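Visitor: All chains should be built: construct the whole structure from the sequences, respecting the hints.
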Amino acid sequence: MKGKKVYLAILPVAIFILLTTMGPKLILGQTRIISPIQNLYYHISDDNGTKPTKDTDVILLFEPDGRAIIYVEGKSDHMAMKGTWSYRSGQLSLQFQTEELRVNTTFPIDLQKDEVGMPFRLFSSDRGTSRWKRQPVIVERAVTFVFRGEVLSEAPKIDADKAITRAVDFANAVIQIGKRQAKSFFMSLANASNSQNKLPKVVRPLKNGIEVEYEDGTKAEILLFSWSPPPPGTLELKPSKLVTDPRVHLNAKPSGNTKFDPDNKTALFISPLHTGRIISWFDRLFSEAKNSGVVSKLTEGLPWDKIKERLEKRGYNIKELKDEDVTVERLIKTFIDLKDPGIVIFLTHGTSSGSLLIGEQLTETDDVDEANQKFEELKNRLKGAGHRRLVENDGVGIMKVELDLKVQQDSAWFVSIKPYLGSIYSGL
Numbered sequence: 059m060k061g062k063k064v065y066l067a068i069l070p071v072a073i074f075i076l077l078t079t080m081g082p083k084l085i086l087g088q089t090r091i092i093s094p095i096q097n098l099y100y101h102i103s104d105d106n107g108t109k110p111t112k113d114t115d116v117i118l119l120f121e122p123d124g125r126a127i128i129y130v131e132g133k134s135d136h137m138a139m140k141g142t143w144s145y146r147s148g149q150l151s152l153q154f155q156t157e158e159l160r161v162n163t164t165f166p167i168d169l170q171k172d173e174v175g176m177p178f179r180l181f182s183s184d185r186g187t188s189r190w191k192r193q194p195v196i197v198e199r200a201v202t203f204v205f206r207g208e209v210l211s212e213a214p215k216i217d218a219d220k221a222i223t224r225a226v227d228f229a230n231a232v233i234q235i236g237k238r239q240a241k242s243f244f245m246s247l248a249n250a251s252n253s254q255n256k257l258p259k260v261v262r263p264l265k266n267g268i269e270v271e272y273e274d275g276t277k278a279e280i281l282l283f284s285w286s287p288p289p290p291g292t293l294e295l296k297p298s299k300l301v302t303d304p305r306v307h308l309n310a311k312p313s314g315n316t317k318f319d320p321d322n323k324t325a326l327f328i329s330p331l332h333t334g335r336i337i338s339w340f341d342r343l344f345s346e347a348k349n350s351g352v353v354s355k356l357t358e359g360l361p362w363d364k365i366k367e368r369l370e371k372r373g374y375n376i377k378e379l380k381d382e383d384v385t386v387e388r389l390i391k392t393f394i395d396l397k398d399p400g401i402v403i404f405l406t407h408g409t410s411s412g413s414l415l416i417g418e419q420l421t422e423t424d425d426v427d428e429a430n431q432k433f434e435e436l437k438n439r440l441k442g443a444g445h446r447r448l449v450e451n452d453g454v455g456i457m458k459v460e461l462d463l464k465v466q467q468d469s470a471w472f473v474s475i476k477p478y479l480g481s482i483y484s485g486l
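Just so it is clear: in the sequence shown, position 234 is 292 by our numbering, and no numbers are missing.
For the record, the hints were derived by calculation from the structure and aren't laboratory data.
Worth double-checking, as some hints may not be accurate.
Here are the simulated EDC-like pairs of lysine to aspartate or glutamate, each with C-alpha atoms no more than 20 Å apart in a straight line [claimed, not checked]:
no., residue 1, residue 2
1, Lys109, Glu173
2, Lys277, Asp452
3, Lys432, Glu450
4, Lys259, Asp105
5, Lys256, Glu428
6, Lys377, Glu367
7, Lys437, Glu387
8, Lys277, Glu428
9, Lys366, Asp319
10, Lys191, Asp274
11, Lys323, Asp398
12, Lys256, Glu434
13, Lys256, Glu271
14, Lys397, Glu387
15, Lys377, Asp321
16, Lys432, Asp274
17, Lys364, Glu378
18, Lys109, Asp123
Derived DEER-like restraints, expressed as beta-carbon distance ranges [as the list claims (entries may be wrong)]:
no., residue 1, residue 2, range
19, Asp321, Arg447, 39 to 45 Å
20, Leu396, Lys171, 56 to 62 Å
21, Ile394, Glu435, 47 to 53 Å
22, Asn162, Pro194, 24 to 30 Å
23, Pro361, Ala443, 33 to 39 Å
24, Thr223, Leu396, 38 to 44 Å
25, Glu422, Pro177, 37 to 43 Å
26, Ser93, Gln431, 25 to 31 Å
27, Lys323, Lys220, 46 to 52 Å
28, Asp219, Gln193, 42 to 48 Å
29, Ile102, Thr223, 49 to 55 Å
Please read all numbers here as calculations on a predicted model, not as lab measurements.
The beta-carbon is built from N, C-alpha and C at its ideal position, and this holds for glycine as well.
Guide: Structure representation (structure tokens):
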């Protein structure tokens, strides 16, 4: 028994020494990079000193099936260039043939190194080199880069649905590589010690975003745009003969008769993002939005004050929930107190899965680990308040939305609800 005790005491130490002395290929608490798909590369500078301007990032990423994208983003301008890549025996091949960049090169690269050199200049057609900083892929962040790179690139031009599909394919490729690595005994030990940046279980497409599911069954949604993309061609309206026939015109004015008003003449206005923090990124670039594209208020397009005035004249009591006041608990309490309000206006972001964003903000950035941690705290809080069914039926979730054009700080995680799950009353 004594010998066994000594053996068991020494074994963890031996494993630790083995893992930490295997050189750069495997470091305790880090994932070994075996494919360029697992890395993003940020341009630092060319060898002649040229570098991106302040608040501008140039990101090189690698998609499955040999597609490469260089995505350039700043506070107001975005562009992308598509190319191809392959990787074998430590050699990376890159090809870009665009108006802005022409590269055809093969060179050795250490996928574990935090800074690498590449044998071409990004900002010049002259011979030279460039330096790039490596960042391991965080799926919940990188899918935004893939989507933007795909819709911005001109060659070939693809629509939003296809761009979402490619972002999902990219994410699932990263996940599959991670799963293959997890089958290795030593890699399992190394990854188990790293609580940060856990890979999702699977990623699925939504009509205007992406759904991420984790091993414990929890889900997160990433909103990629809030407005539908423009139609592929100009639409022409052709009135039919029936429409132009004056005999079918109804020109009646409101009578003022309240006979058919609902029994409960209470109107509830819910606006989680009433004072701003919202960006119409997709709308700005593809639907000819005015000005900078930054919407100071989500309610700019809704004349709520006029609606409110008219309802009050008709004898309605008005209840408003705005901004940070739109929490799960306050929504439940408000619906209970109002006892089935006659009119409900819920103005917010949402996804095709039925999720609606509310005003409870979990993070100031797109840090998904922080968001998941705070979401667990929220779920425990709701269970403690008697809303266990709402939590267990996936009536609450988290959603990432854009706040600014700057990618690294452009988004934050909010709480979301799914009212169709028996409505918000499912929390009771």
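Visitor: Which hint numbers doesn't this structure obey?
Guide: Result: hints 4, 10, 18, 19, 21, 28, 29 break, sorted rising.
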